[in-house]
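When you get a sec, could you build the whole thing from the sequences and use the hints?
Number of protein chains: 2
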Amino acid sequence: MNLAQGLDRFGLAVGGAIAPIRERLRPFARHQRTAQGAAAALGPERDHLVYMLDGHAKLVARTPGGQDRIVAFHCAGDLVTVPAAGLHAYALAAIRDCNLLAFGRTELLAAVRDDPAMLEAVFNQVIDGLERCRENAVNLGRKSASKRVASFLLTMAKRGGQGAGDAPVVELPMSRRDVSDYLGLTIETISRQISEMRKLGLIATPSRSRVQLLDCEALKARANHFAGAE
Amino acid sequence: MNLAQGLDRFGLAVGGAIAPIRERLRPFARHQRTAQGAAAALGPERDHLVYMLDGHAKLVARTPGGQDRIVAFHCAGDLVTVPAAGLHAYALAAIRDCNLLAFGRTELLAAVRDDPAMLEAVFNQVIDGLERCRENAVNLGRKSASKRVASFLLTMAKRGGQGAGDAPVVELPMSRRDVSDYLGLTIETISRQISEMRKLGLIATPSRSRVQLLDCEALKARANHFAGAE
DNA sequence: CGGATTCTTGAAAGATGTCAAATGGAGTGG
DNA sequence: CCACTCCATTTGACATCTTTCAAGAATCCG
Chain A
1 MNLAQGLDRF
11 GLAVGGAIAP
21 IRERLRPFAR
31 HQRTAQGAAA
41 ALGPERDHLV
51 YMLDGHAKLV
61 ARTPGGQDRI
71 VAFHCAGDLV
81 TVPAAGLHAY
91 ALAAIRDCNL
101 LAFGRTELLA
111 AVRDDPAMLE
121 AVFNQVIDGL
131 ERCRENAVNL
141 GRKSASKRVA
151 SFLLTMAKRG
161 GQGAGDAPVV
171 ELPMSRRDVS
181 DYLGLTIETI
191 SRQISEMRKL
201 GLIATPSRSR
211 VQLLDCEALK
221 ARANHFAGAE
Chain B
231 MNLAQGLDRF
241 GLAVGGAIAP
251 IRERLRPFAR
261 HQRTAQGAAA
271 ALGPERDHLV
281 YMLDGHAKLV
291 ARTPGGQDRI
301 VAFHCAGDLV
311 TVPAAGLHAY
321 ALAAIRDCNL
331 LAFGRTELLA
341 AVRDDPAMLE
351 AVFNQVIDGL
361 ERCRENAVNL
371 GRKSASKRVA
381 SFLLTMAKRG
391 GQGAGDAPVV
401 ELPMSRRDVS
411 DYLGLTIETI
421 SRQISEMRKL
431 GLIATPSRSR
441 VQLLDCEALK
451 ARANHFAGAE
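In the order they appear, the protein sequences are chains A and B.
Each residue of the first sequence is one higher than the one before, counting from 1 in the working numbering.
Each residue of the second sequence is one higher than the one before, counting from 231 in the working numbering.
FYI, nobody ran anything at the bench for these hints, they're computed from the structure.
There may be inaccurate statements among the hints.
Derived lysine-lysine pairs resembling DSS-like cross-links, with alpha carbons at most 27 Å apart [said to hold, decoys possible]:
hint	chain 1	residue 1	chain 2	residue 2
1	A	K143	B	K377
2	B	K388	B	K450
3	B	K450	A	K143
4	B	K450	A	K147
5	B	K373	A	K143
Structure below.
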């Protein structure tokens, strides 16, 4: 997804006109290019909102123990809320090269305050982020690894939009390590789950970073665990 | 915490004047009294924002499998974002009798749009909710039960504000079942953790719903697990 | 005071984590 | 274009932790 399309998503919710929006926001934002593997340069002392023009990124929380936990994955068009350093230090790290627009929380609000449609778009995106975080929390609270991984694949498929009808191919730009840090499992467990699903014929793995969902219904059943105890 | 104090929190962020705020919001809100054990009557078809005047509540996500997972606990002064029914059906259920102000997402935005301070207060509260959800997600992603429970107690202590200096007493208005649904553990595991911490002298349990934190530093160490692998 | 619910404790089974080694793919250089 | 090397991923065996199932104790409420 390119810059124009990225802004388009933002623009659609707002009401259409793309160029004017970008121009309005520019004075309040810092445009930033972040190379794969690097973290966006945001001061740790206050909240930020980052609009992703391009690329893929992960929001990482570093625990006091020094371990990294991934809180969210984001792609072009997302507005990412990056908390100031509190109990955990947060960083937005690029999985693939990224172009970002970084706002201070207060500044973004000031920028969109006078434009009701724009304000609503920002509000909606923040709430979207909250709802995704909640879905993630629900997923993490379920114990079994099989449900977490199946649910993860389905979520990525929905967001990726590679909806090739019956058997969509999902791009996983992040490493197994990232997936494990996101799902609260080890890379070995992830790998075992992937293998098991492949043996069961639920998925195929054409390449290291690609997964094809062969049987979405069965995956949903695996994720939701109908009927039985959860 | 009573109604005035509840609004006060909201009011403080806004800039002080309490009565006018309540009056301004009233036309857009539905005031609702929810008895202990009951769920707030919110239509499932759209997002809501609920301001808690009073009481304690839990935000529950019902999975397709029919199991309940608790996504957040809330008390007076909180602005709770309640998502429309999607993958999970959400409900705001009262742990103790509650007085609520329920807004549609769009209506609340319309109500505060013209008041910059008010708008910022709402924005802040939504982002607060997001950040708490993230902290929770980080906590859930950590494997060990001891860390989850220790972290939970510390979080509740910070929010409860019963800061009796060295050994704060934390009120846990929710049942063990609720805690287990929140932390993704079984009630037995919760109970065992509580017992172990008591044996270690980290906490005392004056009553079923009260926990006294005898050694906060040790609890923090237990929660964060300094140095060693996480 | 008594019943019922909630919480606690115990023992065994299952699942995931840990450690170690082998495999395979991706990219590099010849 | 092919071979080689490196590193992420996969697989295996075992230890550990949580769940499960079952029973007993404590607390709350009427």
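Quick rundown of the hints versus the structure:
Distance check on the hinted pair: K143 (chain A) and K377 (chain B) sit about 16 Å apart at the alpha-carbon level, within 27 Å; holds. At most 27 Å may separate the alpha-carbon atoms for a hinted pair to count; K388 (chain B) and K450 (chain B) meet this at roughly 12 Å. The suggested pairing of K450 (chain B) with K143 (chain A) holds, with an alpha-carbon distance near 24 Å, which does not exceed 27 Å. A hinted pair counts as satisfied when its Cα atoms are at most 27 Å apart, and K450 (chain B) with K147 (chain A) does not qualify at roughly 31 Å.
The suggested pairing of K373 (chain B) with K143 (chain A) holds, with an alpha-carbon distance near 10 Å, which does not exceed 27 Å.
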